[in-house]
Amino acid sequence: MNKKPTKKMEDRSFKAFVIFCAALILLIGNLFWIQVIKGEEYRLKAERNQLSDTIVAANRGTIYDSNMKVLAQSASAWLVYINPSKIKTDEQKTLLVDGFVSIFGLDAETVTKKVNRQQSGYEKIIGQIDNDQKAKLQEYISQHKDKKLGTIIGIDPDTKRYYPLGSFASTVIGFTGSEDTGRAGLELKYNSKLTGSPGRIITAQNALAGDMPNDYETTYDAEQGNSLVLTIDEVIQYYLEQQLIQAVEETQAKNAYGIIMDVKTGAILGMATVPDYDLNSPYKIYSTKVEEAIAALEDANEKQQAETNALYSQWRNRTISDSYEPGSVFKLFVAAAALEEGVMTTETTYNCTSSIKVANYYQHCFNHHVHGTQTVAEALPNSCNTFFITMGQKMGKETFSKYFEAFGFTEATGIDLPSEAIPVAGKTYYPVEKMGIAELSSASFGQTFQATPIQMITAVASLGNGGKLMTPYVVKQVLDENGNILSETKPTVKRQVISQKTAQTMTKLMEGVVEWGTAKNAYVAGYHIAGKTGTSEKLSTGNEVIASFAGFAPADDPQIAVLIAVDEPQLYRTGGAGAAPIAGRIFENILAYLNVDPQYTDEELTTATVTAPNLIGATVDKVKSQASTFTVKVVGNGKTVISQMPSSNQSMPKGGIIVVYTEENAERQNGTVPNLSGLTISEANRTAINAGFNIKVAGATQGANQVISYKQSIPAGNTAQQGTVITVYFRSSENVTD
Amino acid sequence: MAQQNTNAYAYNYNRNAKIVSYNGSAAPKVKPAPQKKPQLELVKKTRLTAQQVRQQTAAETRKTIKVMCVAMAILMFMALAIYSRLKLDEINREISSVEKKIELAQSDAVKLNNELNAIVSINNVEEYATNELGMTKIQDYQVYYIDMSSDDYVAVVNGEKVASHSGINNDKK
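Line by line, the protein sequences are chains A and B. So for the first sequence, the numbering used here puts the first residue at 339; every next one is plus one. So for the second sequence, the numbering used here puts the first residue at 115; every next one is plus one.
Same shape as in the complex, but just chain A:
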C-alpha cells in the first residue's frame, strides 16, 4: 500500500528537522567554543586539577683537581615543606614541630612560626637532606598515620653540594647558596657552566589532590651541569695551606696568603688564604677572635653588620681581591727594566750611604743600612733602596711607566676567578702624567702604588720563563656529563716584557738573594732557588706591615713560582724573617713532590754531614774499631750486627750516634725527643746526640752561628727510636731585615 505523508506530518517533520539542526549547530558551536576558543584555558585548568608538576633540580657539575680528585660534587637530596592550610588541630602542630626539631635539629621557634602561618599553602622547612633523614621523616609520618601528617608534609627532590675536603682551597672553589647557585669563587664564576637543566616529574592527582601511583607519572630527566678540572694540584695546595697555617702561628699574623704558579704556563697549582672556612658550612665564622669580638657587641644592628663583614672577610680570596704595596719585591722589575733598557749593566756600581735626597727630603735604606759600593748583584740581595731609587731616576718616569704597564701592574691579570681587583690610574698607582720625582723614587723600591698578589706572581714568573707575561688560569678543562672535554684552556702569552737574556740575568741575580741575601731563609740545600723578599708598611693600619717573598725554582729550569705574603705579623716582621722560611719549606716539599732531584754541591754534601755506613753483618769489635766519625751504641749480647738505626746511606751529622742491634728480638731502644728550638746548629746537634738522636739540618745554614733553629720534624717530648734522624729547621736573623 502506498501511503503519502499528510501535510501535518510533513510540518511536524520539518519542525523536528529544524530543531535537530539547531541543536546540532548549537552543539557544534559550543564544541568549537570549548575546543578552539577556550581550549587552551580549559586544558591548563584540567592539567592543574589533574596533574602535579614538580621541577627536579639538576645536579651541578663536579669540580676536580688536576689529578681528578673530587673537590666539589652534587647528589640528589630532598626538600621538606609543609602546607599549613591543611593543619586542622593543635596536636598536628605539636607533632610537626617535635618531628622537625628531633629529626633535623631545627630551631623550634622558627618551625613553630612556619607551622602557624595557616593562610599559607607552602612553607619550606629544610632543603638538601639526605636519604637517611628522609627515611626518618617518612617513618615519623607512618608512626603518626592517624594524625594524617602525610597530607600536610611534602617531600620534593632537591640537590646537595658536597665538599669532601672541607676548607681545602675554599677561597678558590667558593660555595653555592640555597638555590644551588654559585655565591663565591669558581662556583660563582662558572655558575652557568656548572648549572644543568632542571627536569620535571608530572604526576596524576586523585580527587583529594594526592599523588596517584607511579604508572601515572612522567619523568623528564634533569641534565647535569658541566664539570671543571682545575689546575690546582691537591698535594701542592695541601703543602701551601699547611705552611700558611704555620706562618700565621709562627708570626702571630692576622692572615697569610700564597700562590703557586706553573712558571711556563701561568696555571695556578695552589692558591690559599689563611684563615679560611669550611665550604660545607660557609655561614659559620671560623676565626675565634672575630667570633669573640662579635659576641662582645651589644647593639643588635652593629652585631649583624659585624657578622656580615666577618663572613665576607673569610670568603675573600685575598690573593686576587686584595692589593698591597709590594715593597722591595718590586725592585726586581726596576732591575729588569734597567738592564733591558741599558740604563745599567751587571757591572754598574753605586755607592750607598744609607740615604738619598729626593726633592726636599731624604729616603733611606731599610734600618738605615750603609751598603757601600755595590753592583746590582749585591744591591738586590742587600735590598738597597737608594740603589734602586737611583736606577729609577736614571731610567725616567716614561721608561718606568712603560715597564710598569708591561709587567701588568696597570690591568687585571684576567684570571678566571671573580672579584679580581682592578688597578685604577691615579688611585692605586701614579700614571706617568702625574708622576713626579718623589713618586718615581718611591715607586722604584715598591712604595706609593698597590698591586695584587696575582699580579706580582705573574710578573715574577715572567722573569723565570724568559720574559713572557702569561695569563693566569685556574680551570684547565670543562667536561660534559660523560667526561668528554668540551673546552680546554691553553696557556696564553700576553706579551714579551723583557728579553730572554735579561730574564736569565735576573734569575742569576735572584739566586744570589736566596744564597746570601735577604731571602737566605728560603734556601734549601740541593735546590737552586731564585727569589726576593719585601716588607711594606700598611698605610691603613699605622705600624703594621706585610712581609712577602716571591721567587721560583729550580733556577736552572724554573718550574714553579711561589708568592707568600704574611699580613700584619707580630713576630718575624720582615719578608726575609717571616715569609722566606715559609717559601723555603714550600719549595722543599713541592720540588720533591714534582720529582725534581736535589743536586747537592760538594760544599752542601760535606758540611758537617755524613752518610751512615752499612754495619749489618759486621762484628761488634770491627764496628767499634771503625767508629771514628760516629758514636756507636750496641744493644744486645750478640757478636754481629743484625740491624741499625739510622739505616745505611741515611744522612746524619758528623759525630752522630748509630744504635746497632746484635740480637734478633732485642727490644728497640726508645728515647724522649729533646727540644731543639732556639739553638745554633752545633748546640742542636749536641743536644740531640746527648739524648741519643741525630739531626738533619734544613733551612738557612749560611753562617752557622747566626742561624737559630725554630722547628723540628718530631715534636719535643715525643717518644722515638734512638738513633732517629730529626730534621731541624734553622732561620737566619742576619741581613734578613727586608
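Since the hints were derived computationally from the structure, they do not count as laboratory data. Yeah, the Cβ is synthetic: ideal placement off N, Cα and C, and Gly gets one too. Relax, there's no trap hidden among the hints.
Capping the alpha-carbon separation at 27 Å, the derived lysine-lysine pairs in DSS-like fashion look like this:
1. Lys462/A - Lys474/A
2. Lys201/B - Lys215/B
3. Lys472/A - Lys451/A
4. Lys971/A - Lys251/B
5. Lys225/B - Lys531/A
6. Lys992/A - Lys251/B
7. Lys251/B - Lys1034/A
8. Lys214/B - Lys462/A
9. Lys472/A - Lys225/B
10. Lys472/A - Lys452/A
11. Lys424/A - Lys462/A
12. Lys214/B - Lys472/A
13. Lys483/A - Lys215/B
14. Lys832/A - Lys740/A
15. Lys462/A - Lys215/B
16. Lys225/B - Lys462/A
17. Lys992/A - Lys1049/A
Partial chain A-side listing against chain B, Cβ under 10 Å, derived:
18. Ser412
19. Glu555
20. Thr557
21. Gln580
22. Pro936
23. Thr1057
Use these hints to put chain B onto chain A, whose structure you have.
Showing chain B alone in chain A's frame:
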C-alpha cells in the same frame, strides 16, 4: 535458499492492479477495477529429505563453530591486549622503581664517597702516618734507581764472585 526452506508458511499478497492503456488525445476514461480483498495464501513447506536435513545441520554446526572461533579470537585478542597492557604497566612500574632505587643509591654513593674522601684526605693520612704509625717522609737514601740499560750479572770463578753489575743504584749525585 536455506532461509526459504526453513519457512513452513508464507503470505503471498495478490497485487493485480490493472495497467490501463492509453492511446488517444482525449483524457482516457478510467474504469475503476473492482476491489478485491487480499487473500492470505498458505504455502506448504517442502518436505526435506534426510540428506538435506543432515546437510543443513552440518552447515549450522559449521557456522556456529565459525562464530565461536571468531568470538574466541576476538576475546583472546582483547585478553592479550589487556594482559600486555598490564604487563607493560607492571614493567614500567618496575623500571620507575628501579630508577628511583638507582638514584637513591647514586646519591648515597656520592655521600659515602665524599665521607671517605674526607677521611683519607692528605691531611688526615699524614697526621695518622706521622702521629699514630710513627712514619716519616721518604728520604733521599731510601730512593733506589734501577738502570735497565744493561742486564745484571755476576761472574763466579771457582765459587768466588769476581765481577758483578747491578742496575740498582741509589747514588743521588
